[in-house]
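K.L.:
Taken in order, these protein sequences are the chains called P and Z. For the first sequence, position 36 matches number 132 in our numbering, and the numbering has no gaps at all. For the second sequence, position 82 matches number 98 in our numbering, and the numbering has no gaps at all.
These are computed hints drawn from the structure, not numbers from a lab. Treat the hints loosely; a few may be bogus.
[Unchecked claim] Heads up, incomplete: computed chain Z residues facing chain P, CB under 8 Å, no partners named:
| no. | residue |
| --- | --- |
| 1 | D59 |
| 2 | W73 |
| 3 | G77 |
| 4 | Q87 |
| 5 | N90 |
| 6 | G93 |
| 7 | A111 |
| 8 | G113 |
| 9 | Q117 |
| 10 | R131 |
| 11 | V135 |
| 12 | L136 |
| 13 | L156 |
| 14 | S169 |
| 15 | F173 |
[Stated by the list, open to error] Simulated restraints on C-beta separations:
| no. | chain 1 | residue 1 | chain 2 | residue 2 | range |
| --- | --- | --- | --- | --- | --- |
| 16 | Z | S129 | P | A149 | 31 to 37 Å |
| 17 | Z | N152 | P | E152 | 43 to 49 Å |
| 18 | Z | W88 | P | R169 | 28 to 34 Å |
| 19 | Z | S129 | P | L130 | 21 to 27 Å |
| 20 | P | W248 | Z | E96 | 48 to 54 Å |
| 21 | P | A294 | Z | D125 | 42 to 48 Å |
| 22 | P | A294 | Z | A78 | 24 to 30 Å |
| 23 | P | K299 | Z | P64 | 27 to 33 Å |
| 24 | Z | W88 | P | A247 | 24 to 30 Å |
Quick reminder that beta carbons are idealized off the backbone N, C-alpha and C, glycines included.
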Amino acid sequence: MSQDSYRRHAPGDQPPYLYKEYGSTLRRAPSRPLVFLPHTLSETSGPIFRPDAIGETDHDLTRQHSGEPQGERIIVTGQVLDDNGNAVRNALIEIWQTNAAGRYRHAKDNHSAPLDPNFTGAGRTLTDENGNYRFVSIKPGAYPWRNHHNAWRPAHIHFSLFGPAFCTRLITQMYFPGDPLLPFDPVLQSIPDEKGRARLVAKFDLQATEPDWALGYQFNIVLRGREQTPFEK
Amino acid sequence: MIMELTPTPSQTIGPFFHLCLHSETNLDSLEGEQIQLVCRILDGDGTPVSDALIEIWQADGAGKYGGFGRQWTNEDGRCEFQTVKAGHVNVQIFARGLLKQLFTRIYFDGEASNRSDPVLALVPDDRRETLMARPNPEDLNIWKFEIRLCADSETVFFDV
């Protein structure tokens, strides 16, 4: 194996493709074994994004319209690390979410909850030199979906990350601590290991909270890192 | 001793990513033989996957990496990239119903380099053709690549 390879996921770290409790996987999960691909430049290189790709209010979802959106203001902040504990700099993070009522500004969302004229629900930023990022938003709402009888998605924020390589690309979801819907959500429960599921639940963070203004949540993200040689250890 | 942290698990992109993940491309700035690459995704029933995001990463005609593009599939499960021909094109697919992305590669049918490609050599003979884009007989600059998510003729996906 090349010294430049990225570490493979341990069994249980990631959800499977086929998870019958999440009905949409049934017609979309591959049925044949994946072919193991040793890493080459194709996998270990990736696109680079520059700060000029980010607009001034892109990280603040409460300032993208003429008025303020309805809902509980939140700050979501955290650090992006690789699994060796190194900060991931200049990682592009894109987020999207429902409004406070649980409705996406999307033509195909037919939930009866109201739209908010002052909320789009999309943001983007780059991590700084220490891998840190910060978004301002409002707390998204839970919403029903048709996966099974009386199915509700817990409040969540979608996160998309470009790390340093094509193979470190990650799309995931952030959940809120104490949400009673978490144990019933097949999307979150598809992750076999409890430790992995816990990674997706943000922590309430009094330090990140701004008095008289917004509640803070901390959501740290760990991307795959490079394999370490025994010599380095 | 180096600390190893539990990586953050993947979750599905869901059906509403369009409001944030817009199409991006720098593929039109690559040097090389200009082509149109048409991708189409079908599910296990042969139904077009109309809510997928396809991202590609490739080298230019001289083998230098740097070409990135992403597109949404349309109602017909289709999306198109204006790009250049390369030895292969690396592909990631995100969609509702995929709890984590799928990785595959696009090769160009009939290229001599396919015969010595080390990754194609890892793929069983009878499945190699699922990785081939084919030219449109009426316009040889248009290459079509069909992705089948789960079927007898399922595309080869890689453990990356």
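K.L.:
All hints are to be evaluated individually against the structure, with a verdict given for each.
P.N.:
Verification of the supplied hints:
{"no.": "1", "hint": "D59", "in the structure": "holds (4 Å)"}
{"no.": "2", "hint": "W73", "in the structure": "holds (5 Å)"}
{"no.": "3", "hint": "G77", "in the structure": "violated (16 Å)"}
{"no.": "4", "hint": "Q87", "in the structure": "violated (14 Å)"}
{"no.": "5", "hint": "N90", "in the structure": "violated (13 Å)"}
{"no.": "6", "hint": "G93", "in the structure": "violated (12 Å)"}
{"no.": "7", "hint": "A111", "in the structure": "holds (6 Å)"}
{"no.": "8", "hint": "G113", "in the structure": "holds (3 Å)"}
{"no.": "9", "hint": "Q117", "in the structure": "holds (7 Å)"}
{"no.": "10", "hint": "R131", "in the structure": "violated (18 Å)"}
{"no.": "11", "hint": "V135", "in the structure": "holds (6 Å)"}
{"no.": "12", "hint": "L136", "in the structure": "violated (10 Å)"}
{"no.": "13", "hint": "L156", "in the structure": "violated (25 Å)"}
{"no.": "14", "hint": "S169", "in the structure": "violated (10 Å)"}
{"no.": "15", "hint": "F173", "in the structure": "holds (5 Å)"}
{"no.": "16", "hint": "Z:S129 x P:A149: 31 to 37 Å", "in the structure": "holds (34 Å)"}
{"no.": "17", "hint": "Z:N152 x P:E152: 43 to 49 Å", "in the structure": "holds (44 Å)"}
{"no.": "18", "hint": "Z:W88 x P:R169: 28 to 34 Å", "in the structure": "holds (31 Å)"}
{"no.": "19", "hint": "Z:S129 x P:L130: 21 to 27 Å", "in the structure": "holds (24 Å)"}
{"no.": "20", "hint": "P:W248 x Z:E96: 48 to 54 Å", "in the structure": "violated (37 Å)"}
{"no.": "21", "hint": "P:A294 x Z:D125: 42 to 48 Å", "in the structure": "holds (46 Å)"}
{"no.": "22", "hint": "P:A294 x Z:A78: 24 to 30 Å", "in the structure": "violated (46 Å)"}
{"no.": "23", "hint": "P:K299 x Z:P64: 27 to 33 Å", "in the structure": "violated (41 Å)"}
{"no.": "24", "hint": "Z:W88 x P:A247: 24 to 30 Å", "in the structure": "holds (25 Å)"}
Consistency with the previously given hints fails for numbers 3, 4, 5, 6, 10, 12, 13, 14, 20, 22 and 23, ordered from lowest to highest.
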